[in-house]
Amino acid sequence: MSNWIVAHLWLIPALPLAASLLILSLTNARRPLAAGLAIAGQVLALILSLGAFWPTLSTPGYRLFHNFTWFTFGEQTLRLGFVIDPLAAVMLVMITFVSLCIFVFSVGYMAADKNFGRFFAYLSFFSAAMLGVVIANSLLLLFICWELVGLASYLLIGFWIHKPSAAAAAKKAFITTRIGDIGFFLGMLWLYGRSGTLLFYDGGNGALENAGLLSLGAVATAIALLIFCGAAGKSGQFPLHVWLPDAMEGPTPVSALIHAATMVAAGVFLVARVYPIFSLGAIGGVTTSLTVVVWIGVITALISALIALAQADIKRILAYSTVSQLGLMMVSLGVGGVAAGIMHLLAHGFFKALLFLGSGSVIHGCHEEQDIRRMGGLRGVMPVTFLTYAVGMMALSGVPLFFAGAWTKEEILHATSLWSVSRVPHYLMLAGVVLTALYMTRQMIYVFFGRRRAAAEHAHESPAVMTWPLVVLALCAIALSVVLTPAWPWLHDFLLGEKAAVDLGSLIQPGLYVAFVLVALGIGLGVFFYRGAGEVDPLERAAPPLFRFLANRMWLDELYDWTILAVARFAARLADFLDRYFWDGLVRLIGGLGQLVGSLTKGFDERGINAGVNDATGVVRGLGRLVSVRHSGQVQTYLGVIAVGLLALLLFYAWLT
Amino acid sequence: MSPTLATFLIVSAALFCVGLLAALSRRHAIFILIGIEMMLAAAGLNFIAFWRFAPQPTPPTGVMVTIFAIAIAAAEAAVGLALVIAVYRHYHTSNVDQMDQLKG
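Chains P and W are the protein sequences, given in the same order.
Per the working numbering, numbering through the first sequence is continuous, rising by one, with the last residue being 657.
Per the working numbering, numbering through the second sequence is continuous, rising by one, with the last residue being 761.
In isolation and in its complexed conformation, chain W is listed as follows:
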C-alpha cells in the first residue's frame, strides 16, 4: 500500500502539534526553539506532500520553498541560540517564565 496524501498530512499535523506543545509547555528556551523548529519541519513536510501529489510534471516549487525554509530556519536557529545565550548571560537563567520584562 503506497502512502496517500492524507497520511502525510496526518503525520505533518501530528508533528506540528508536538512542536506547538513543546513550544507552549517547556520552560527551557532551547526546547522552545526546538519546538518551533518542529513546527517549521511540519510546514515543510506539507509543502513536499502537496507538491508530490500534484499532477505531474510540475516545476519543483514545493521542494524549492522547503529548501529555502530550511535555510532560513538554520539562520533563525543561529540567531535564536545567540539570543538565548545573551539572555542567559544577563539573567543567569534560560527559563522563559522568569523572562517577563523587555528592559534589561
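Same shape as in the complex, but just chain P:
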C-alpha cells in the first residue's frame, strides 16, 4: 500500500489539475458542474493525502521517494522525483483539507460572479501547484511548481480584472515574488553546479544527503541565502513583503488560500525542506544563513505587526498578521526550531483560513464593505461568523489551552529563548505576541462589538454553504491543539521522527506562563484602548503622526517608489532615450547604407545587365515576328503548302530514281 502511494504521489496534484482543465473546457453556464468538479478533485486529493499520511504514522523517520528520469542530455540525466515524509505528509493533509473548506465556502461567496467556473478552475490549479511543491523530491520540480503557484496567484489576485487596482496588485505580486525567484534560480543552478544533482533524497546521493552536502562545502551559505531570497519573496518576508497586503484585491477565498494553505506556506516549507543546506556546518545550531533568516524574520514580524495596528481594511489587518506570523515561522526555522515552525505553519493554515473566510463572510454580510470603522455590533446579526471568528482570533493571538496557535507560538518562543547568538529576537517576539493580541482585539471590537455603524445596518448572516466551512475550520483549530501541547508533543516529535511521550511536567515552565501573561496583556490593552472606539481610531487621536506612519505602511511602498522604482524608471527612460536616438540612429544609418548599396546595384543592374539582356531578347523577338507572319491560321494555305511540298518531294524522288 505505502509503495503504491509513493509511486502514485503525482496523482495528488494531478487530480485537482485535471479538474481545473476540465472546468476550463466547460461553458460558463455549467456552474454546479464546475464547482462539483473542483470539490471532487480536492476530495480525492484529500483521500490520497490521508492515504499517504497513514503509513508515515507507523514508522518514526519514515521517508520514501520515487525518482524518475525526465530527460537525458549527453552524459547527464536530469531526474525528478516525489518524496513522502512527515513534513510533506502533514502539509498535504493540511493543504487539501483547508483548500476543500475554502472551495466549499467559495460556492457561496462567488455565487453572484459571472466567471464562477473560471474561478474554480484557477482555485483547483492553485491547489494543484502547491501540492506539487510539497511532494517534489527535486529542487527543479519544486521550482516548476513554485512558479506555477506564482502564476496561479497572479490569475487569482487579478481575478476581478476590471478593477485596475486588482490588475496592479496581481502584477505587483508576480513581479515582487519574481525578484526573489531570481535568487532561488541562481541558488538552484549553483547547487547543481556543485553537487551535480537537484534531487533532495536519492539513496545517499541526493543534494540533502551526505554526499551532496559534502560537495557544497563553504558555498552552502551563499546557496542557502539565494534560496532564501525565493522563500522570502513567496512568504512575504521583509523587504519583499509589499505584495502580500495588496493581494487582498482578489476575492476573499483567494486571500484565504494564499494566506493559509498555498502561496505563503511555500516559502516556509522550502526553507524547512532544504534545511540541511542552511544548517550545514552549524556550530551550536548557528550558521550565517540561519542568522540572516532569523533577523529577516524578526524585522518582518515586528514591522507588519505594528502596521496591522493601524489598518482599517479588515482583510489588510489579516494580511499584515499573516506577514507577521510568517516572520515568526522564519525566526523559528532560523533558531533551529524546525518542527515548531512547521507546526505553527500548519496551525496557522487552519486558523488563518478560518479568519479569512470569516472576514469574507463579514464582507459578504455587509454588502462588500471592508472598512472595519464602518462595521460594528455584528455579534448579534452574524452569530456563527462571530463565534468562529472568535475562535480564529484566539488561536491567532495565542489564548492558551484550547487553541492551536497558543502552543505552537509558545514552542517558537521557547526555541528563540534557547538561541545562543542573541536574546534580542526572543524579546522582540514577546513584544510581537502582545501586538498580535492587541491588533486582533482591536479588529474584533471594531467588527463585532459596539454600536452598529453605517455598513452594519443591513448586515445579514451568510448562507450555510459559507458558515459550515467556518465551523469545520474552527473545530479543527481547536482539535489541533490536542496534538500540539507540550504535554503530549505528538506532532512535534512526529515531524522530527521521534516517538511522542506524555510529559505533563512540561506544562509547568516559566516561559509558557510569560507568553500567556503577555497574551492576556495584549487582549486587556486592546479592550482598554478600543472599548467604545468610534470612527476615529484611538491611536489616531492619541498620536496622529505615529498613526499616519503606520496606516501608510511605514511608507515602505513610497520608499520603494522613490528609490528602487525611481531607479527603474530612470533606467527605463534612459533605455527609451538610447533606443529612440542612439540605437534608432544607428539602425537608420545602417539602413541608409543598405539603401545606398541597393541603388548602386540597381543602376548597374538596369544599365549594364538589363540592357544586354534586352538587346538579346530584341533579336529573338524580331526573328519570331518574321516567322509568325507565315502563321496566318488559314487552313487552306497550310493545305496548299502541304500539297506543294508533297509534290516537290515526289518530283525529287522521281528525279533521284
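It is worth saying that the hints were derived from the structure and are not from the lab.
Built from N, CA and C at the ideal position, the CB exists for glycine as well.
Some clues are possibly wrong.
Label pairs and their calculated CB-CB ranges [as the list claims (entries may be wrong)]:
#	chain 1	residue 1	chain 2	residue 2	range
1	W	Asn-752	P	Ser-599	56 to 66 Å
2	W	Phe-688	P	Val-644	19 to 29 Å
3	W	Ala-732	P	Asn-614	48 to 58 Å
Below, a sample of chain P positions facing chain W; criterion: calculated Cβ distance under 8 Å [stated by the list, open to error]:
#	residue
4	Gly-193
5	Ser-628
6	Ser-632
7	Gly-633
8	Gln-634
9	Val-635
10	Leu-639
11	Ala-643
Derived list of chain W stretches under chain P, where covered just means 3 residues or more per stretch with a C-beta under 8 Å from a C-beta of chain P [to be verified]:
#	stretch
12	677-691
13	742-756
Following the hints, position chain W against chain P.
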C-alpha cells in the same frame, strides 16, 4: 477494248486533283469536306484497281481496305459536319477564311 490499269490510275489521279483543287480553293467548309471525300474516293479507286490487276486469285485485300476506308470516311464526314455546324453557331459563318484562330 478493255480498260487497263493506266486508265484507272489516270481517272483516279484526275479525281484526286479535282478533290485537292476543291479543298484548296473553295471557301465554304462543306465544299472543302466534299473535296476531301473526293480525294479519299480517288485513293479507294487506286486500291481497287491495283487489286483487280494483280495476278489472280488474290485475297480481296484491296476491296476490304476500301470498304473500311468508306466506313471511316462516313464517320469522318459525320464528325466534320458536326464541327462545321458547331463552328457556324459560334462564328455565324462557314467561311474558312474567317476561321483563323484556335481560341473561340
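* To do: Sort out which numbered hints this structure fails and list those numbers smallest first.
  => 4 and 5
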